[in-house]
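Chemist: If you're matching positions, the sequence shown starts at 1 in the working numbering and goes up one per residue.
Hints are supplied without guarantee of correctness; some may be wrong.
Claimed, not checked - Simulated crosslink set (PhoX-like; lysine-lysine; CA at most 25 Å straight-line):
no., residue 1, residue 2
1, 210, 238
2, 273, 124
3, 210, 125
4, 175, 238
5, 118, 231
6, 175, 231
7, 7, 20
8, 125, 20
9, 118, 61
10, 210, 124
11, 118, 273
12, 61, 7
What the hints assert, rightly or not - FRET-style restraints, in silico, Cβ to Cβ:
no., residue 1, residue 2, range
13, 88, 21, 49 to 55 Å
14, 23, 222, 46 to 52 Å
15, 236, 194, 42 to 48 Å
Since the hints were made in silico from the structure, they are not lab data. Remember, predicted model here, so these are calculated numbers, not experimental data. For each residue, glycine too, the CB sits at the ideal point set by N, CA and C.
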Amino acid sequence: MGAIDYKRTFALTYASEQEKSQAYSQCHTRSARRVLQALLANGGVFIKLGQHMASLIMLPKEWRDTMRPLQDTCDPTPYEDVQALFLSDMGHPISELFEDFDPVPIGVASLAQVHTGKHRESGKKVAVKVQHPFLAEFCDIDMEMVEVTLGWVKYWFPEFEFTWLGEEMRENLPKEMDFVHEAQNARRAVANFADVTTSLYIPEVISATKRVLIMEYIQGARVDDLAYLAKERIDRNKVALELARIFGRMVFVHGWFHADPHPGNLLIRRAPKQSRSPYNFEIVLLDHGLYFDLEDELRIDYSNLWLSLIAGASPKTLVDRRKYAESVGNITADLYPVFEAAITGLRPAG
Numbered sequence: 001m002g003a004i005d006y007k008r009t010f011a012l013t014y015a016s017e018q019e020k021s022q023a024y025s026q027c028h029t030r031s032a033r034r035v036l037q038a039l040l041a042n043g044g045v046f047i048k049l050g051q052h053m054a055s056l057i058m059l060p061k062e063w064r065d066t067m068r069p070l071q072d073t074c075d076p077t078p079y080e081d082v083q084a085l086f087l088s089d090m091g092h093p094i095s096e097l098f099e100d101f102d103p104v105p106i107g108v109a110s111l112a113q114v115h116t117g118k119h120r121e122s123g124k125k126v127a128v129k130v131q132h133p134f135l136a137e138f139c140d141i142d143m144e145m146v147e148v149t150l151g152w153v154k155y156w157f158p159e160f161e162f163t164w165l166g167e168e169m170r171e172n173l174p175k176e177m178d179f180v181h182e183a184q185n186a187r188r189a190v191a192n193f194a195d196v197t198t199s200l201y202i203p204e205v206i207s208a209t210k211r212v213l214i215m216e217y218i219q220g221a222r223v224d225d226l227a228y229l230a231k232e233r234i235d236r237n238k239v240a241l242e243l244a245r246i247f248g249r250m251v252f253v254h255g256w257f258h259a260d261p262h263p264g265n266l267l268i269r270r271a272p273k274q275s276r277s278p279y280n281f282e283i284v285l286l287d288h289g290l291y292f293d294l295e296d297e298l299r300i301d302y303s304n305l306w307l308s309l310i311a312g313a314s315p316k317t318l319v320d321r322r323k324y325a326e327s328v329g330n331i332t333a334d335l336y337p338v339f340e341a342a343i344t345g346l347r348p349a350g
């Protein structure tokens, strides 16, 4: 139905560019809503696909806006199934591990949900990430359906080539579904920032199995909650600067970076007394299931690309910009002006 809607809309003749833009926007919105309903109905891996779509800048804004709620909202696993998972994976009922445990999750995502409780052994208030129990059982079938769906998108709309997204999900989902792997990533990230003054805070990992992750509980607001920032007198410009510093350090210094930093995975809170933050806030980074490595050559070329972009325009920097854009992203000379405008928001020099 979406393909037919697009074909009809694109085939019409419009009296003005404004009328054409409005018709295209309405078509994008209708189609995105249809896809959203299908993703919600299927759940699991399909929700993850929608979350990726919400972050793809090459998609029309209407699609990104429609998919954005998937970054925070999914259907929860019933508490009875959570109890059964604890028995099978931890070997103990929930009541033996926690003094109290809230059966209602505080957050539900595509792969897991998070409950709060008081951990008996440590005495700490904790966040308990529990994988949806039947996710692994249907993951391969769901991935086949995702890849077929993306193949149909390519067939009907060759200009929208997203089959790579299915390939990427198939490669990375097993990593995201292994919470022991996530715990290792979180601890490595803590170590990487141990020697610097930073507003970054990563919750302490208390224990992990493949499908259950117990972490220190941190209370905060989404990093894009402007009302919270205003109420707590947190400077949004400093928050943006710190986000750039944190992820810049991951990319340019460590060559190993968090690969899913959407606002649902970033909390902001007032800095506690023992904080290392240079400001009155901390940025709390969640969901460490997926990190990417950068080879040294690519990391250095990417660094040189940005150094050339922020340097004043000169014959050498203009040559360097194109050289490193091609090295890093295979950006050819004819596409370079569009590339530079897209990543800097400025008219390309030269």
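Chemist: So, against the hints stated earlier in the document, which numbers end up violated here?
Modeler: 1, 4, 5, 6, 8, 9, 14 and 15
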